Every structure is written in C-alpha cells, then in structure tokens.
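Visitor: All chains should be modelled from the sequences, with the hints used to inform the complete structure.
Residue numbering for the sequence shown is -23 to -1, 1 to 126, as defined by mature numbering (1 follows the signal peptide of the UniProt record, and there is no 0).
Think of the hints as simulated: they come from the structure by calculation, not from any bench.
Here the structure is a predicted model, which means the values were calculated and not measured.
Treat the hints loosely; a few may be bogus.
Stated by the list, open to error - With a Cα cut of at most 25 Å, we get these calculated DSS-like pairs of lysine-lysine:
no., residue 1, residue 2
1, Lys95, Lys52
2, Lys49, Lys114
3, Lys117, Lys95
4, Lys49, Lys117
5, Lys123, Lys49
6, Lys117, Lys11
7, Lys11, Lys46
8, Lys117, Lys22
9, Lys77, Lys49
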Amino acid sequence: MKIFILYFFVLLTNLWGILFTNACSCARMSVEEKYCNAGWVAHVKSLRRAEVRDKDGASEYEYTVKLLKTFKDSKTCNQNNKIDCVYSKTNSAACGVNLKDGQEYLLFGGYEDDGKRKISLCGYYQEWEKVDEKLKKLLKDGDMDKYCK
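Guide: Shown next, in the form of structure tokens:
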C-alpha cells in the first residue's frame, strides 16, 4: 500500500510539473518597457480569425486586421487604413492572444524573421475602449519614445 501511495504521489508531482512548465511565462515589464521592446504598435480592428499552420506545422491564429493607426513600426511606414495579418498561438499556455472579430484593440507586437507580425500575452494588448486615456494621448502625441533609451 505504501508503494502505491508513493507511486501515486510521484505521478501527481510529475503531472503538476508538466502542467506548470507548459504555462505561459513572461518577464514583468511596464507598458513603457513593452512599447520600447515592440517592433510595432498599432490601434487595430480585428476583422476575422482563421486557424492556420506555421512553418513548423504548429497551429496558430491568423487575424486579419485593419490598421487604424500605427504608432510605431520598425519595418514599414504609413500603414494606416491598411488590411494586414497578425499571428498568435492558439492557446494561452503558449502565450496566445484571443482577439474578437469586430473589436478594436491596441496591440504591441513583434516581427518573425519572415516579416510576419506576431502578438503574444507577453506583449501588450487591450481593447481600445479600455486603454488608459493618458496612454492614448502619449501615443497620439508621439511621446512614448521618450521612455526608450
């Protein structure tokens, strides 16, 4: 009986370790730090979501978005009113973001080596109507760059 209990305890410990290690983990950063580390920052409208495969065959979401206002972009310029795609993992354990069709968001994202726009829970994403007015003003006035060294 003692062996069974010990075996059960070891099994539970291993399962807990697997669950814990599969969780999304991000470094704690302020909004300003996330802005500075982002490859692009934009106010977008999510138009539709499709599940696709990445280059390694893993499932990811491809969000078709309208770039309403681009505040920062390290790869391109003047992307306002352009339709583009943004990619994210399909589940939160892999730091995936779930955007709702028709909703507007403020997104801080990065670029893959192939130029694809990526977002994750480690970046910043917020429904536009819930974004702090001070942050909106800093972005609109171009004052967020002063926080970047």
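Visitor: A separate judgement is required for each hint: does it hold in the structure or not?
Guide: Results for each hint:
no.	hint	result
1	Lys95 x Lys52	13 Å, holds
2	Lys49 x Lys114	14 Å, holds
3	Lys117 x Lys95	22 Å, holds
4	Lys49 x Lys117	11 Å, holds
5	Lys123 x Lys49	13 Å, holds
6	Lys117 x Lys11	17 Å, holds
7	Lys11 x Lys46	18 Å, holds
8	Lys117 x Lys22	17 Å, holds
9	Lys77 x Lys49	23 Å, holds
Of the numbered hints given earlier, the model fails none.
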